[in-house]
Amino acid sequence: MDYKAPLETYTGKIKEVVIGRGPKAIKIGGESILPLHYFEGAAARRPVVALEIDDSGAAGWTEWAVEPYQDVVSDPLKWAGKCLELGADLVCLHLESTDPQGANRPAAEAAALVRRLVKEIDAPLIVYGCGDDKKDVEVLVAVAEACRGENLLLGPAVKENYTDIARAVAENGHCIIAQTPIDINLEKELNVKLLKQLPPERIVIDPLSSALGYGMEYSFTIMERTRQVGVVYGDMAMQMPIIADLGRECWKTNQARADREQGMLWESITAMNLLLAGADILVLRHPDNCRLLKEAIEGKL
Amino acid sequence: MILIGESIHIISKVVSDAVSNRDAGPIQELARAQAAAGADYLDLNLGPARKEPQEVASRLVNTVQEVTDLPISLDTMNPLAMEAGLKLCQQRPLLNSASARAESRQHMMPLAVKYNTRVIISVITDRGCPPDVDSRAESILETVAYANGLGIPNEDIWVDPIILPVSADQRQVREALEFIKILPDLLPGVKSVVGLSNVSNGTPVNLRGILNRTYMVMLERSGLYSAIADVLDTELIELNKGGRAGIRELIYKVMERAPIDLAGLPEKDRDYVKTARVLMGEILYSHAWLES
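Protein sequence lines, in the order shown, are assigned to chains A and B. So in my numbering, spot 12 of the first sequence is number 12, and the numbers just go up one at a time. So in my numbering, spot 146 of the second sequence is number 146, and the numbers just go up one at a time.
By construction, these hints were calculated from the structure, which means they are not laboratory data. Heads up, some of the hints might be wrong.
Straight-line Cα separation of at most 27 Å, DSSO-like style, residue types lysine-lysine; simulated pairs [said to hold, decoys possible]:
# : chain 1 : residue 1 : chain 2 : residue 2
1 : A       : K15       : B       : K274
2 : B       : K274      : A       : K196
3 : B       : K274      : A       : K13
4 : A       : K159      : B       : K241
5 : A       : K196      : B       : K181
6 : A       : K13       : A       : K159
Just so you know, these numbers come straight off a predicted model, no measurement behind them.
For reference, chain A alone in the conformation it holds in the complex (with noise of 0.2 Å):
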């Protein structure tokens, strides 16, 4: 008798998001099933692994992952170009010098960076702000509003601030990154106001990622229950792809800091968990664990 093994079918999808525009663009999400569940059906997308670089030549960056792109970092556009070359399959920006507690760069010539970016580099790109929940409305704005019609995937946009970074995502042609403090009821919260202004294929989850010893668990946590209120419950205000921004968490751990192979473990281990909690977008900060995640997503592990 031919053996026939029970899978489970779901009634929930994840929405498809599409981040850039023509040829370079990248579709994220789409899947019916549960993290790397490839087996239970739908040839779903897989998830995705960006490269993370900074306007401010990575200070503060452990030497470690500061390594691979020495020569590159005071460029960023020259890092990003390093970043594909090492495998990316797209690449994350963060804002770091616009924030007011820093070099606090005005708002402008941010947005100006992000487009002389968007028009060189071959690939998608992701744009975090500092974190200021104000400086970020008066960056993201002008940032979207300099890059319109580039389909970036732009954030954070958090409880204080969504309003104005919605309107501007939205009326510009972007995607936004809807973030809130590893708590699943905050999360629902705020995408439902999102989707208000919002389409939620224009929308993607970043619960927070915690590293490894640092919470990870929790995150862990939160990306599983998010996927499963999605996917299994049909839930339609969880059903947006997500972002584990989980390569600076790693490499600001004591950790990281003390020791490489250390810190290659912190961000591979992290990483591949929240790859199985159901994160669609990973962003690391080293190369060789951007290989590594991907070979674990195309099943080479």
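Chain A is fixed; fit chain B onto it per the hints.
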């Protein structure tokens, strides 16, 4: 359902100011208003009553009894305050509350015997609130057996399953419903009681009422005997008296998982359906549950 008015609560600024200023006015006002609204008991919540427990409890009980004949539910963790208050109650009071906790067994439960009160016994143990129906059942069986041993009959025991906020632990909302349902089989003759408003603790203030009311209907259908509740909420009183049958029916339908055509409903009815679905755990809670 028996309603116990919750408004005289030491956490309320009006009440705590009135207590510390020895000002009877605001408290008597709240007592009168709740009596007029239809409360069956008045809860007097003194909290831990650390300062002058006996004096505060006696004063509060007397203050309230000056303006109403309603029986009192005396609510404090402090046995000294409890005893001082119970002594003065003219109607048979409700001791709120005892539990499996060692301290409660030693110092609270004997007061129920000594003053011949009705007593709320919660499922709480020294380890906290049991997480599911089975562990709640296990805890309450043991505690009620202990109370019976002291001479408290089941008819005088009001069991409290402990309601947790939907915004904090959504699953617990249904666990409590299930518990209420099986309680008569578990302990024939006991009554049940909940701190209803706890379900909406942590929810934005303007949205608390609909959660409380919806949950009240669901609990009542599951067999709940009484609730400590916001009796100044007129819609809650109306629902408790059997009014607003349409809304009640809709909530029942959600409990039975019957199909409902949301689009065809007026907004208010739709809000009740959405709320019932959240409480049943069908939809993930967020503060924006009415907006999607």
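Taking the hints in turn, this is what the structure says about them:
no.: 1; hint: A/K15 <-> B/K274; result: holds, 23 Å
no.: 2; hint: B/K274 <-> A/K196; result: holds, 18 Å
no.: 3; hint: B/K274 <-> A/K13; result: holds, 22 Å
no.: 4; hint: A/K159 <-> B/K241; result: violated, 40 Å
no.: 5; hint: A/K196 <-> B/K181; result: violated, 39 Å
no.: 6; hint: A/K13 <-> A/K159; result: holds, 25 Å
The earlier numbered hints that this structure contradicts are 4, 5.
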